[in-house]
Structures are given as C-alpha cells and as structure tokens.
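Undergrad: Each chain is listed here by its residues.
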Amino acid sequence: MPAKDYDVLIIGSGASGGMAAYNLTKKGIKCLLLDAGPLVDFEKNRGLKPVYELPYRGFGKPGKLPHLFQANEFNANQWVDEKEVPYTHDPNQPFNWVRVRMIGGKSLFWARMSFRLSDYEFKAKDHDGFGENWPISYADLAPYYDQVEPIFRVAGRKEGLAQLPDGIFVEDNSPDSTATKRFAESAKTKGITVTKIRRALGNGQFASSMNLLLPDAMATGNLTIVPNAVVRDVTVDKKTGLVNGANFLDRHSRREMHVKARVVVVGASCLESTRILLNSKIANSSGVLGHYLHDQFYMSNSVVATIPEARDGKGGRGMVGGGGYIPRFRNLDKNKPEKNFLRGYALDFSTGGTPDAKYFPQWGEELQKTLDSHRGSAFSCTLMGEVLPRFENYVRINKDVVDAWGIPVLHFQAKYSDNEFQMAKDAVETIGEVCQGAGFELLNRNDRMFPPGYSIHELGTCRMGDNPKTSVLNKWNQAHDIKNLLVVDGSSFVTGGSQNPTMTILSLSMRATDHLAEEMRAGNI
Amino acid sequence: MKRRRFVQSLIAAPAVPVALVAQDSARPVPLPAAPVAPKLEAGIADDAGATITHFFTTPQLSALRKLGDIIMPPINGAPGAAEANAAEFLDFLLGQSSEDRQRLYRSGLDDLNSQAAKKFSKPFADLEVPQAEVLLAPLRAAWTYDPPADPFARFLREAKQDIRTATMNSREWVTASASVGGRRGGGVGLYWYPLD
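Chains as they are written, first to last, in this note's numbering: chain A, 130 to 654; chain B, 168 to 363.
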C-alpha cells in the first residue's frame with residue numbers, strides 16, 4: 130500500500146496531542162497521530178494483586194527506576210524504562226525525568242489538578258522585571274480555558290482571585306471539615322486564602338485524552354492513530370524549507386518508516402518534543418531551543434502535623450477529611466515585594482489518614498500504640514513553587530548515548546537556585562505557623578527539595594515569544610523558522626507559575642490548532 | 168461514535184488496532200473462539216519453601232533477626248518480623264541492592280554485634296530486649312529528610328523502615344490484617360503488567 134499524505138501529522142497523544150487531534154479533526158482536517166507507546170487495554174494490562182505476590186514484596190526491583198520516586202512495584206511497568214530510553218546528567222545535578230509512553234500519555238495518570246494561569250504569569254516581567262513576558266495575555270487564553278474546563282468537568286469553588294482566575298466549574302459546595310475550617314481561619318490571619326482543590330472530574334474520575342478527546346476525534350472519521358511509532362526526527366523539504374513529515378521506527382520490530390504530511394504538530398511532552406526537534410536540527414535559529422528549562426519544585430509532605438482532637442478514634446466524619454488549596458499569596462503587589470525571593474508558591478493539603486511511622490522515634494509495641502492513637506488525625510501538605518526560567522538550565526543532545534531505537538538521548542544541565550530554596554524555606558515556615566495557629570501539632574517540617582523534574586511538570590525549552598531571536602515559537606505555537614511546524618505542549622511555556630500546567634497546555638493546544646485550521650483554510654499554510 | 172462506545176471497543180477487541188475498527192467498512196471475518204482455560208488456584212513460593220540465605224554472614228543474619236524481633240514483634244494477633252521471615256527476605260533483597268546499601272547493612276549489623284560484645288560480652292542476638300534497646304538509641308532522634316551522617320544511625324533508620332515493610336507486605340501480615348478489617352496496612356494494589 131502506498132504511503133498516504135495527511136493534512137496534519139500529530140506526534141504524541143497526551144493532553145496536547147490529544148487536544149490537537151480533537152480540535153483539528155472536528156474542523157474536517159485529516160490527521161495522523163503517532164505515539165511511541167502502545168494502546169493499552171486496562172482490562173488486560175492491569176489487575177488487582179496482593180502485595181505479597183509481587184516478586185519483591187512491594188519494594189520493587191532494586192535499581193530499576195532510580196529516578197522515579199513515584200514508582201513502586203505495582204506501577205513500575207507504567208513508566209518508561211530508564212534503560213530502554215536513558216538520559217544523562219551531571220552526577221551531582223540529577224534530574225528526575227518521569228515519562229509515560231502509551232496512547233493517552235501522562236494524561237492517563239495525572240492528579241487532575243486543574244488551574245488557570247493569570248497575568249501574574251503571562252506578564253510576569255512587567256510585574257517584577259525578571260525574564261520575559263509571554264506573547265499572549267490571560268485575556269487571549271481565557272476563552273480556551275472556558276472551552277476546555279467543561280470537557281474535563283473541573284470541580285472548584287469560585288473565589289474571585291486575580292492570581293487564580295475562576296473557571297467554568299462544576300461547583301464544589303461540599304462542606305469543609307472542622308480541621309479545614311480551623312486551618313483556613315488561621316491562614317486568614319496571615320492574609321492567605323484557602324479554597325477548594327480544583328480537580329477534573331472527567332468521566333468517573335478518569336480525565337484523559339484517551340477517554341475525553343480521542344474518542345470524539347475518532348468519531349469524525351478524520352483521525353488515524355498509530356501506536357508504537359517511535360519518532361526519530363521531523364523531515365524537511367529542502368526546496369521549500371518546510372517540514373513534510375517524520376521518520377519513525379516501529380517499537381517492536383525497529384522497522385524504519387517515513388510518513389508525509391502538510392503540517393507537523395508536535396505534542397510529545399515537553400522534553401520529548403524538544404528532543405525530536407534537536408535531533409531533527411530544525412527550528413533553532415535563535416539558539417534557545419532546549420534552554421529555559423523549568424518546572425515547579427514539588428515537595429510532598431513538606432509540613433506534617435497531627436490534629437489533637439482527631440486522635441484516639443475521635444476524628445470522625447466532619448472533624449477531618451478532605452483538604453484544600455492555597456493559591457499563591459507572596460509578591461502579589463508589584464509595589465511591595467515581599468521576602469527574599471521573586472514570585473511565589475502554592476500548596477494543597479489533606480486531613481485524615483495516619484502519619485507515617487518514620488515520624489515517630491519509636492519501635493515495637495510503643496510505636497504501634499502511637500500509630501493506633503494517631504490514626505485518622507494527620508494533616509499533610511504538598512508545596513509547589515515557581516521555578517525561574519533561566520537560560521543556563523537546559524537540555525541538549527548527547528550523541529554518545531542512544532536509546533533502544535538508536536536515537537540520541539538528552540543530556541540535562543539543570544539545578545535550582547537560591548530563589549527556589551528561599552521560597553521553600555518561607556513556605557515551610559509559614560505553613561508550619563498556620564498549622565500551629567490552628568492548634569495542630571507539628572510532626573515534621575521539611576524544606577529540602579527533591580531533584581528537578583519530580584513534579585512531572587517540566588516546562589520551557591521551546592518557548593514562545595514575539596522575538597525570533599529569543600524564542601522558538603510565535604504566539605500561535607508556530608515555529609518562527611518553519612511556519613508549518615507547531616509545538617503545542619508544555620515546552621512552549623515562558624514561565625510556569627505555581628499552578629499545575631495541564632489546563633494551560635490543553636488551552637494552548639486548542640488555541641494554536643484553531644489558528645492553524647484558519648491558516649490552512651486561508652491557504653497560508 | 169460515543170465516548171463510551173469507543174472505550175468499550177478498546178476493551179472488547181484489544182487485538183484489533185482501533186484505527187481499523189473505526190475505518191474498515193468491510194464486515195470483519197469472525198475469528199475462531201479462543202479455547203477457554205480453567206482457572207486454577209495457585210500458591211506462592213513462600214507457601215512451599217524457605218528462602219535460602221546467601222548475602223549475610225550467620226552472625227549478621229542472627230543480628231538482623233533479633234533486630235526484627237524488637238522493631239516488629241507480634242502485636243495484638245498480628246505476626247511479627249520473625250513470622251513474616253522478614254530477615255530472610257531482606258537477605259534476598261540486599262543481595263540485589265546497590266553496593267552502598269549492601270555496605271550500610273553489613274557494617275550496621277557488624278556494629279550491632281561489636282557494640283553488644285563490648286557492652287554486654289554477648290552477640291546482639293543473645294541480648295535481653297532492654298539491653299538490645301540501649302544500642303538502638305539513635306532511633307530516638309527526630310526524623311529528618313536528610314539521613315543521619317553517622318552510618319550506624321543511618322543503618323538503623325533504614326532497617327526500621329525495611330523490617331516494617333517486609334513484615335507488613337508479607338502474606339502472614341496481610342492475611343491477619345484482613346481478618347481484623349484491613350486497617351493495619353499492606354494489602355492489595357492495582358498492578359500494571361509489562362506492556363506488549
């Protein structure tokens with residue numbers, strides 16, 4: 130069978146690629162979607178097992194996934210095998226690159242935390258002078274958030290905060306527990322707002338491109354999905370300088386193939402997209418491709434406490450349970466910079482549960498009695514802070530190391546700076562004080578971070594901008610150098626704020642492909 | 168195609184690429200029914216045999232067993248580290264672990280024995296519990312994100328966690344836990360099989 134020509138080749142099937150497919154196919158555009166991973170069947174690929182049946186009793190095979198702190202023996206096979214697709218970094222500057230290769234990508238497993246960015250991020254340079262503004266403002270993206278949120282059914286409570294714009298929510302009117310109310314009252318004395326966690330409900334708590342985007346795209350008859358297609362590079366027509374398709378290898382057989390398309394949309398996840406462009410040697414006249422790598426530093430259990438009234442079996446319904454979200458509250462007034470860092474951080478917290486045994490300096494029967502007493506009385510929070518995008522944090526191709534398909538891998542050069550360290554210290558101190566103000570007893574405060582990458586929110590490296598000399602993409606996610614090449618995932622971010630990025634990635638992809646469709650209709654692409 | 172039908176088609180026909188399902192207008196030739204195999208109940212290796220230990224020396228393994236008895240004794244009908252064969256399991260696990268971790272455990276257990284000999288003129292395994300607990304004093308320090316700088320204190324912290332996990336994830340513990348309502352931890356999880 131001769132190779133087909135497609136209107137648009139989409140690389141990647143997660144949030145960004147899935148949205149591109151959803152939006153373009155609905156407009157009658159014929160798309161081919163390639164993904165490096167298989168089409169999983171939850172019935173076949175997953176199953177309930179007792180932990181004692183696992184070969185390593187839940188410890189996991191030693192050394193299998195050294196960078197994946199999220200991995201355990203139950204889920205080890207859902208992540209990309211680091212030996213199959215390795216990457217390199219300075220031994221003293223690790224980066225925890227967490228990857229999923231399946232149809233649906235990381236959207237199969239995300240925590241569904243769904244927030245909007247604001248002009249505190251889009252116009253961050255105007256606010257504090259650091260870095261660059263995005264080439265778009267909140268007003269440009271708001272209509273797309275408005276469309277994405279109903280698809281994903283985002284639950285939340287409206288607060289009218291400038292730094293965390295409200296969305297089109299499934300209203301969350303559930304009552305707060307006594308512990309949450311007390312925490313919120315204590316926070317209020319410090320000018321800190323506590324709101325409901327904003328989370329995508331999806332369909333039955335499953336909110337993936339696999340169930341919310343790709344089925345509708347398939348229904349148009351305009352989408353072909355090919356799993357197990359590992360893209361090596363995007364190809365260029367030497368006569369026109371435009372991209373004309375991609376080379377890929379079959380994941381199982383390693384057979385090399387080429388596919389042709391009028392337009393290429395890359396949405397393979399932030400760093401895989403950049404890796405593909407770097408290996409293709411395109412779209413880098415600015416020299417910034419791979420640079421300005423940032424994420425959000427993420428510290429789970431940064432403050433752990435116990436709620437005295439909930440101990441010894443008294444923490445019933447209404448006393449503890451549920452949690453909340455603290456949006457950024459630092460450095461909001463541009464005329465009154467606070468603290469010794471730029472930007473800010475957010476936290477989510479939960480109440481209930483039992484504190485981990487490690488927090489109690491006991492053992493044996495004494496420890497068991499303590500755990501029994503503390504059952505259901507825990508407070509813990511996860512801190513997520515903005516990481517400043519810096520040129521010197523970057524990825525490049527390491528020609529000396531290849532993956533299982535012979536494709537050169539990425540080398541990481543990235544570390545956090547004093548700005549992030551100071552921010553973490555302030556957060557842990559402040560939230561500890563809020564806990565104490567609420568009458569909680571602190572068990573642990575930790576301001577030490579995991580290595581970059583742990584949040585699985587890697588951003589930048591292919592950033593947008595108005596100036597082709599300092600950015601890779603224009604404000605429509607089109608490469609400045611090649612008008613029929615778009616990159617629609619988190620790599621296009623200029624700054625990331627402290628909000629989980631998925632809603633913004635989805636909205637950017639929808640906006641970019643709206644514009645692409647119009648340009649194709651007008652004959653400009 | 169409605170979303171639900173799409174997902175159902177993935178589940179019902181995993182062997183057929185979804186693109187073909189959606190695009191092939193010709194009626195597919197029915198496949199012969201796959202033979203149905205009977206479902207047999209099977210045990211696990213621990214039901215049939217005992218772990219052959221390779222990694223620790225006899226004095227080290229004796230010290231680890233004793234440490235397990237102290238960290239995780241049988242409590243309120245739940246099995247302890249000894250009943251869960253935690254020390255034997257850790258011998259297997261440490262045999263496959265990094266050299267750093269192997270060194271930490273070996274030197275930590277040797278330290279326990281040498282401190283016991285120095286203070287009480289006995290190997291750690293032969294100490295009375297109050298005597299043994301004297302040597303575990305570093306575990307009284309508050310937990311910090313960074314592990315203790317002292318290798319012995321670090322060993323004790325890791326061993327406490329590992330002994331608890333090896334015990335609570337054993338069949339013995341999970342079975343006992345289920346009988347009292349499953350509130351003690353361990354149990355069942357959603358396992359991802361290796362992907363085709």
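Just so you know, these hints were derived from the structure itself, not from any lab. Some clues are possibly wrong.
Pairs of lysine-lysine residues, derived as BS3-like cross-links and limited to a Cα-Cα distance of at most 30 Å, are as follows [stated by the list, open to error]: (1) K133(A) x K235(A); (2) K487(A) x K286(B); (3) K598(A) x K410(A); (4) K133(A) x K487(A); (5) K254(A) x K604(A); (6) K173(A) x K206(B); (7) K252(A) x K604(A); (8) K410(A) x K604(A); (9) K206(B) x K190(A); (10) K604(A) x K544(A); (11) K178(A) x K285(B); (12) K254(A) x K598(A).
The structure displayed is predicted, hence computed values, not measured ones.
Undergrad: Could you tell me which of the numbered hints above are not met by this structure, giving the numbers in increasing order?
TA: When the structure is compared with the hints, numbers 4, 11 turn out to be violated.
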